[in-house]
Structure formats: structure tokens, C-alpha cells
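S.K.: This is what each chain is made of:
There are 2 protein chains.
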Amino acid sequence: MIIDTHGHVVAPAEVYSYQAQLVASRNNPDLGAPHIDDALLEQSVASHLETLRKVGTDIQFISPRPYHMMHSLQPYTVVQAWTRFVNDIIAQEVRLHPDVYRGVAALPESPTVAPSEWVSELERCVREYHFVGCLLNPDPTEAQGTPPGLGERYWYPVYEKLVELNVPALIHSASSASPRESYTLHFINEESIAILSLLESDVFRDFPDLKIVVAHSGGAIPYQMGRFRAWAYRRHLPETFDESLRHLYFDTCNYSKDSLELLIKTVGADRVLFGTENPGTGTVIDPATGRTFDDVKPMIDSIEWLSAADRQLIYEDNARKVYSRAFNK
Amino acid sequence: MIIDTHGHVVAPAEVYSYQAQLVASRNNPDLGAPHIDDALLEQSVASHLETLRKVGTDIQFISPRPYHMMHSLQPYTVVQAWTRFVNDIIAQEVRLHPDVYRGVAALPESPTVAPSEWVSELERCVREYHFVGCLLNPDPTEAQGTPPGLGERYWYPVYEKLVELNVPALIHSASSASPRESYTLHFINEESIAILSLLESDVFRDFPDLKIVVAHSGGAIPYQMGRFRAWAYRRHLPETFDESLRHLYFDTCNYSKDSLELLIKTVGADRVLFGTENPGTGTVIDPATGRTFDDVKPMIDSIEWLSAADRQLIYEDNARKVYSRAFNK
Numbered sequence: 057m058i059i060d061t062h063g064h065v066v067a068p069a070e071v072y073s074y075q076a077q078l079v080a081s082r083n084n085p086d087l088g089a090p091h092i093d094d095a096l097l098e099q100s101v102a103s104h105l106e107t108l109r110k111v112g113t114d115i116q117f118i119s120p121r122p123y124h125m126m127h128s129l130q131p132y133t134v135v136q137a138w139t140r141f142v143n144d145i146i147a148q149e150v151r152l153h154p155d156v157y158r159g160v161a162a163l164p165e166s167p168t169v170a171p172s173e174w175v176s177e178l179e180r181c182v183r184e185y186h187f188v189g190c191l192l193n194p195d196p197t198e199a200q201g202t203p204p205g206l207g208e209r210y211w212y213p214v215y216e217k218l219v220e221l222n223v224p225a226l227i228h229s230a231s232s233a234s235p236r237e238s239y240t241l242h243f244i245n246e247e248s249i250a251i252l253s254l255l256e257s258d259v260f261r262d263f264p265d266l267k268i269v270v271a272h273s274g275g276a277i278p279y280q281m282g283r284f285r286a287w288a289y290r291r292h293l294p295e296t297f298d299e300s301l302r303h304l305y306f307d308t309c310n311y312s313k314d315s316l317e318l319l320i321k322t323v324g325a326d327r328v329l330f331g332t333e334n335p336g337t338g339t340v341i342d343p344a345t346g347r348t349f350d351d352v353k354p355m356i357d358s359i360e361w362l363s364a365a366d367r368q369l370i371y372e373d374n375a376r377k378v379y380s381r382a383f384n385k
Numbered sequence: 057m058i059i060d061t062h063g064h065v066v067a068p069a070e071v072y073s074y075q076a077q078l079v080a081s082r083n084n085p086d087l088g089a090p091h092i093d094d095a096l097l098e099q100s101v102a103s104h105l106e107t108l109r110k111v112g113t114d115i116q117f118i119s120p121r122p123y124h125m126m127h128s129l130q131p132y133t134v135v136q137a138w139t140r141f142v143n144d145i146i147a148q149e150v151r152l153h154p155d156v157y158r159g160v161a162a163l164p165e166s167p168t169v170a171p172s173e174w175v176s177e178l179e180r181c182v183r184e185y186h187f188v189g190c191l192l193n194p195d196p197t198e199a200q201g202t203p204p205g206l207g208e209r210y211w212y213p214v215y216e217k218l219v220e221l222n223v224p225a226l227i228h229s230a231s232s233a234s235p236r237e238s239y240t241l242h243f244i245n246e247e248s249i250a251i252l253s254l255l256e257s258d259v260f261r262d263f264p265d266l267k268i269v270v271a272h273s274g275g276a277i278p279y280q281m282g283r284f285r286a287w288a289y290r291r292h293l294p295e296t297f298d299e300s301l302r303h304l305y306f307d308t309c310n311y312s313k314d315s316l317e318l319l320i321k322t323v324g325a326d327r328v329l330f331g332t333e334n335p336g337t338g339t340v341i342d343p344a345t346g347r348t349f350d351d352v353k354p355m356i357d358s359i360e361w362l363s364a365a366d367r368q369l370i371y372e373d374n375a376r377k378v379y380s381r382a383f384n385k
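Taken in sequence, the protein lines are chains W and D.
Numbering-wise (my numbering), the first sequence opens with residue 57 and increments by one.
Numbering-wise (my numbering), the second sequence opens with residue 57 and increments by one.
Isolated chain W (complex conformation):
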């Protein structure tokens, strides 16, 4: 079975015109979210389902488009209304295609509201809709401030809820308001910051059951291992950097075979989850192959030194372990 742990929702224009309306009005007055017909959603996801069938994906976890989350927008009611609405749309699509989709929630991570306020949305999505995890944006300011690193106690209410519900978080930032850093590059830089902040903190001692997946193959870190190996020795940390990295999981949303080989070699096949991020940055044809960049499976299939057992871990077993609620209903 092929489980794509990193997909995003495909939705009709009516969904995003509501977002534009929310931004324009700042949700004042609050006119309420529109009803989106099942038929409209079916029409919207049809070609995406066809893509999944073609590339051989059996199950895909879908979450809101991260760069659409607008966590930094004021007031909070805008973030709250949009997050709830888009999670509802995902629940609706999961209901229509329970054989293919599983839901992954976004949280209303406004930097002006305490994390303890965000987690009721996670609870709602997991308990009411059987969502299997959530996104966690380490930079709710969207490149406009200096939020606490993920190793800080600021984030503990989220970690407590994740452990209580037994669901993982996928580290994935939202947009970037900095003209020098596109959202797609901000994803990468925030992943590097998140990894270092978590691994230099007490988080995994305080939450030994916390499950964290880092998107996009871990930002820069597997490539910059030497630097952080040395850094850990300089700081006399209790674990080597290689040991500490094994507290985390990583997905394969990278689109380069050489880099995927480096990832798997560096962190181990038991720490890598198949993910494509489709639809996302890689959903464009690579003229060299005639396939989209985010059609990652043929790349993994072509890594000769991977054993059948390793592939089974990456394509299915690691996902079953980390997203255990996705398969025990």
C-alpha cells in the first residue's frame, strides 16, 4: 500500500473567494461560512483523484494549503473562521472519499492568541472528524517577527494535546511576508530552525511520546549534518546530533533522487515517510521526465540500494506507526 502523508486539499474557487471575503471584511460583520455542495467538491477533486490513481497512491493525507493559512492576519476572528472552514471542507472531502483521503488539520495559530487557545480546533477535528494529525507552523508571524522557537514552553499546550490525542504534527510554515524570502523558501528555512530548536531543548524528554514529522526532507539539516554534528560536540550536548535527529520523522517531499538518497542514508529508512506535497510547488511537469516533479515514487523506486523492507517502511509502515489513528477507527 502507498500512503502519501503530505497532500493538500483541492478546493473550488468558491472556497477561496470566501477567504478573500474574510480578508477584505476582516470578518466584520461575520456573515458565516458558505455551504459548499458535495457536487462542487466532487467536481473539484475529480482530476486530483485521477492523478493519485495514476501515480499509484492508495491513501493520501490532506491538509489545508499552508501558504493560504494567513496566521499573522488580524484580527484573530479571520484566522479562526478560515481555519475552521477549511478544516470543514477537508472533513467533507474525506466523507466523500473515505477510501482515499484522511484529514490533517490546521490550527488557528495567531501570534496574538496563546497556543492553549488553538488546540480546541485540533480536538474538534480529531474527535468529531477523525482527523489523523495536524500541521504546525513554527512561525505564526509569517516572517514578520521572532516567535519562540519550538523548543520553548510556549508550544507545550500544543504538544500536550498532540500526545493526549495520539496524533503527530507535521512541521510546515505558512506564508512569508518578507519580500526577500518566498513562502516556499521560508518553508525550508523554518524547518531548519524548528529542528535545531527542538533538538537543543527538553521537548522530547518532557514529551517522550510526541511525534513530530518535518516536511520537505528536513530543510537544510540532513545536508548540513557535519556542521551540526560539530555544533553538538562544541555544546557538549548529551546526545550526538545523529542520535538526537532520530527523535524526528521526515517526509520525502524533496523532488531530487540524490537528495532523497542522502536523506534516507542520514536519518534511516525507519524515519522517512512517503509524501509528495501534491498539489504544491512540485506540481509542474519536469521536461526531463515528462512527469511532475512531485511524482516522487519513481525516484524512490530507482534507489537501487534500498531493500524491499526499507521501501515498505517508507511507503506504508512508518505512516501506520506515526499516524496510528489513520488506521484504527
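Remember, identical chains collapse to one label, so a pair may be satisfied in a single copy or spanning two.
Result set (DSBU-like, lysine-lysine): computed pairs, CA atoms no more than 30 Å apart in a straight line:
1. Lys377 to Lys321
2. Lys321 to Lys267
3. Lys353 to Lys313
4. Lys321 to Lys353
5. Lys313 to Lys110
In case anyone wonders, no lab produced these hints; they're calculated from the structure.
Start from chain W and add chain D according to the hints.
M.R.: Leaving out everything else, chain D in the frame of chain W:
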């Protein structure tokens, strides 16, 4: 011949106590820089020269310790006095060991002063001291602001002077005032931002002779190639991402063999310059090898598929081409 293009100055405590004095007094009153005896410098560099001899480095380019540059500190006179002083110390060490050292300048990159004001220090170091290049910090705010990306015209006075003097810039950020991002991680993230900003701009069309080296093997970018290949196609850029990356050079300050293989495969041996960043983050013993992490040469030597011609490029010829002033006196 082995040319290490990325080394930093080794200096006695008297040099840094002057820095502390500058910071404490904010250079008001300006008491002038201390005189540092040749004998004191000789004592300070002795064990470093021994290290270079042991690891087999023939020539090393030395620049100020980037994390000591304090570009964001106010007022400007502090930055100006410190930059001038530390460049002078480098010139003094080069004078003492002209067979081993070449000087690489820092610029007084205060975010409150126009780049056109910074370049007289470059001119001074190249014309008076025969320095061979300079560092360029893409984030003079030291993680406290949003400076223009390196693709913006803001930086053009620096590029004009680099081309006029025929010296390259080594992209290397300074410290980081953000508690969530250490200076060593900030280096990596700023390199990724610098690469994208340069390659999505007109800089190499406007300055076809500009020579830019990106430190630490290019931040995250060679590892995240797939993402930016796709991104370039989405944006309909005139060059593929692989083509555009060849406007840049990269150094080997990475400390991981697997990653160095990925770098050389990705950008080409003709784009990679040997560098160790010694003394730097990697100057600590790796228990696995008994050598310091930044002893990079044995790693490169052990890459079996590299031809003798490739090694000659990486160890010597690329440096001679890019830092042409280092060898034509």
C-alpha cells in the same frame, strides 16, 4: 597546491578586548585602535600555522570572524572602527606570512549607512594591502529586520566596486540576534535566501563579470534542488535552475562527505572551491575520525569518482580563476 579559500583570522585576546571596549563605550570617545605587536600576532598564529601545515594547506585566505562583525550595532562608528581594525590585523598577519596567508576583507555593513559608503574600505584593503576579496553579509540587521535581498539595486554599489577591482565576494552572514536561530544556522538560512534572491534577479545580466562564492556549500539549496527546479519552471524564468546556479561558486565548508558528493554532482567540480572555515564551527575533534570536522581534505580525497582533474579544480584552479588577484601581484 592546496588553497583554502575560507579561513578566518586567529588573533590574540588584545584584539577582542578592543572590540569589547568599542561595544561598551560605543566608540565615544574614540580612543583609537591599539597597536598590536608583531610578536603577539606571531604567538597567536603559531599553532594555527602548524595546523595548516599538518592538514596540507599551502595557502589560506583569512577574513574576520563573521560572527564577530556586529554589523547591526549602533552607532556606525563602532562598526567602522572595528572593521578597519580587524582588516588591519589581517594585513599585518599577511605581511608576516606572505607565503601562507592572503587577506579577505570585511565591509562596515551597517544597515543604517548606504552600501556606497561601505566600499571605500574594500578599495583600501585591495589597493593598499592587496586583499583578494571580501565577505558579503546579506543580512546587516543580524536577524532583526528585513534588508533588501541581494538581487535588489540596494547592493549595486558593492557589485560595481567588486567588478572594478576584479575581486569576488564570499556570501557569509554575521551574527544572529534572534534567540530562535544561532549564528551558525543563520549562515545557512541566509545563504539559501541569497542564492534565490540573486538568481531570480538581473544581477548577473547587469554584472556579467561579478564573481560570487557562497559559503558552506550553498546553505540548503543543493539539497533542495528539486523544489527550486520546479519553482523556476512555475515562474517561467529564462534559465533552468541548474543553469542559473552556475552563475555562482560554492565552497566545501560542509564537513560531510555525502553532502560534498551531492554538492559537486549538483553544481559541477568547476564551481566548487576548497575551503575549511578553520577556525570555525567545525574546529572540534570528531571522535569517529580523530580529526577536526573541518579537516575536509581527506573527505574530498576519499570521493572515488572524482577525477584528478576535478580535484585540481577544487583544490587550486578554481581559486586561481575566481580570486585572480591572489596570484598576480
